[in-house]
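Engineer: Given chain A's structure and the hints, the job is docking chain B onto it.
2 protein chains.
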Amino acid sequence: MPDVKNQRKKTVRAALVIIGDEILSGRTKDANLNYLANWLGELGITLSEVRVVADDKDAVVRAVNDCRPRYDYVFTTGGIGPTHDDITAQCIAAAFNVPLEVNPEAQRILESYHGEGDVNKARMRMARVPSGATLIDNPVSAAPGFQMDNVFVLAGIPVVMQAMLEKLRDRLEGGAIVTSKSLTVHAGESNIAALLTAVQDRHEALSVGSYPFFRLSKGGEGRVGTCLVFRGVDGGDIDAAIDETKFALEQISVEYEDGEPLLPHHKKQG
Amino acid sequence: MPDVKNQRKKTVRAALVIIGDEILSGRTKDANLNYLANWLGELGITLSEVRVVADDKDAVVRAVNDCRPRYDYVFTTGGIGPTHDDITAQCIAAAFNVPLEVNPEAQRILESYHGEGDVNKARMRMARVPSGATLIDNPVSAAPGFQMDNVFVLAGIPVVMQAMLEKLRDRLEGGAIVTSKSLTVHAGESNIAALLTAVQDRHEALSVGSYPFFRLSKGGEGRVGTCLVFRGVDGGDIDAAIDETKFALEQISVEYEDGEPLLPHHKKQG
Chain A
1 MPDVKNQRKK TVRAALVIIG DEILSGRTKD ANLNYLANWL GELGITLSEV
51 RVVADDKDAV VRAVNDCRPR YDYVFTTGGI GPTHDDITAQ CIAAAFNVPL
101 EVNPEAQRIL ESYHGEGDVN KARMRMARVP SGATLIDNPV SAAPGFQMDN
151 VFVLAGIPVV MQAMLEKLRD RLEGGAIVTS KSLTVHAGES NIAALLTAVQ
201 DRHEALSVGS YPFFRLSKGG EGRVGTCLVF RGVDGGDIDA AIDETKFALE
251 QISVEYEDGE PLLPHHKKQG
Chain B
1 MPDVKNQRKK TVRAALVIIG DEILSGRTKD ANLNYLANWL GELGITLSEV
51 RVVADDKDAV VRAVNDCRPR YDYVFTTGGI GPTHDDITAQ CIAAAFNVPL
101 EVNPEAQRIL ESYHGEGDVN KARMRMARVP SGATLIDNPV SAAPGFQMDN
151 VFVLAGIPVV MQAMLEKLRD RLEGGAIVTS KSLTVHAGES NIAALLTAVQ
201 DRHEALSVGS YPFFRLSKGG EGRVGTCLVF RGVDGGDIDA AIDETKFALE
251 QISVEYEDGE PLLPHHKKQG
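Line by line, the protein sequences are chains A and B. All residue numbers for the first sequence refer to the working numbering, where the first residue is 1 and numbers rise by one. All residue numbers for the second sequence refer to the working numbering, where the first residue is 1 and numbers rise by one.
Just so you know, not all the hints are guaranteed correct.
[Stated by the list, open to error] A few chain A residues that face chain B, going by a derived Cβ cut-off under 7 Å, partial list only:
#: 1; residue: Thr83
#: 2; residue: Asn120
#: 3; residue: Lys167
#: 4; residue: Gly259
[Unchecked claim] Straight-line C-alpha distance at most 30 Å; calculated DSS-like pairs for lysine-lysine:
#: 5; chain 1: B; residue 1: Lys29; chain 2: A; residue 2: Lys29
#: 6; chain 1: A; residue 1: Lys121; chain 2: B; residue 2: Lys246
#: 7; chain 1: A; residue 1: Lys29; chain 2: B; residue 2: Lys57
#: 8; chain 1: A; residue 1: Lys167; chain 2: B; residue 2: Lys121
#: 9; chain 1: A; residue 1: Lys10; chain 2: B; residue 2: Lys29
#: 10; chain 1: B; residue 1: Lys57; chain 2: A; residue 2: Lys246
#: 11; chain 1: A; residue 1: Lys181; chain 2: B; residue 2: Lys121
#: 12; chain 1: B; residue 1: Lys181; chain 2: A; residue 2: Lys57
#: 13; chain 1: A; residue 1: Lys181; chain 2: B; residue 2: Lys29
#: 14; chain 1: B; residue 1: Lys121; chain 2: A; residue 2: Lys246
#: 15; chain 1: A; residue 1: Lys121; chain 2: B; residue 2: Lys181
#: 16; chain 1: A; residue 1: Lys29; chain 2: B; residue 2: Lys246
#: 17; chain 1: B; residue 1: Lys121; chain 2: A; residue 2: Lys29
#: 18; chain 1: A; residue 1: Lys29; chain 2: B; residue 2: Lys181
Source of the hints: derived by calculation from the structure; they are not laboratory data. Quick reminder that beta carbons are idealized off the backbone N, C-alpha and C, glycines included.
Just chain A, with the same shape it has in the complex (with noise of 0.2 Å):
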């Protein structure tokens, strides 16, 4: 009997809390979005949405809860340290309206690592989740984070934030995967417009993205291009559009080639 459970497997959704000012600010460059991105990806759990707010209560609140009824999974990174600008539990516990507690679990954890003497207030801070929570493991250094309904509360630092996600893989349920194939075309998106506008009609269940490109030559002369992008959870679906759209491409004369252009400048934005 063919697993039909596996073929009609349902869309999974993810949103992303990025807290954090020195985001905001410029300082610093975000590394977990990519990461969580291909990551979830990976589960069969599409990253649908992401909000980066600042240290700033009723922000981190508005944004968990203006998520979480929304999407299967919310994830937040950042702000569970042990100084004052470390505000995430707090807002989690409001943002659910359940007090803030110390977890005995937590304690025990923070009291081995640091060594009990050592466990001063400011770590302790470490040790309280929202009233409710289960923790993380946090194997890089003890400190964990936690899980409340579907809201998963990791650190900002991305080696240890990385290493939360593996601890808590088997908390998730992924749905159908996404997979993709690439085509370079050697004309511009103007030029092939009509036709994947007709491809993407034909194909509703796949997404076709079209990113230009420039392409500089040795020479230096600038050469045009167009790079799809066919995603959907269909692999037989992806390879009938890149069919049609590579006839159709013959028709018009435009030559092409599987897969992403070769030089880096070939990744648009937008």
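Structural biologist: Structure of chain B alone, referenced to chain A:
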């Protein structure tokens, strides 16, 4: 007579809405957030929130309409090209509940750049803006952005987006300019947390950020430290807070030095 107006400039806040499936899928790393944050900062405008949303009409309209009453300025990046996945203009028209219409000036710009015969139907898509919008020049590739009330619609390609910002600079009114100074402290965050809380409480107009770092010595041993960032509009207040912090650190025999830590590992998120 002293310039009282300049001394009491208001806080001016902005939001950025990044429209881009390719950022959310992890295919492309955004570069516009960090650039805009620094560019706005120099004008005395604080980037207060960022959202990354999919190439989806409902998602874009919701994000723009959430942000535009809440902030002085809203910037969008991405989705203003000629293909089917470029939907930003129609989303902004929907957000403002006005029709999309061909802008004669945009049409003239595109005809002049591409040659009248080469302005195909796809390119003409880029001449359509919401009724009432004013154009934003694009000195790189002609197709203009536009302004609708307090919303500035920019290209996603970083070099184009950056050029558009220069063209709209005169339309923005900045507020008090936020400056910052850093102090590198050779102690873990937990050990200086209480001290920092006291300094923050004494300087409520500043934001005192605390960012742990790990510096590896040549021998391979890690040295833990904390980078403190004092941000605010009053340089004298920043200097006073740093002086107090240094004085307090001396009382507990903790070493420090002005500026950021020297090694590249110092930049924490969160």
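Engineer: Which of the listed hints are broken here?
Structural biologist: 3, 4, 8 and 17
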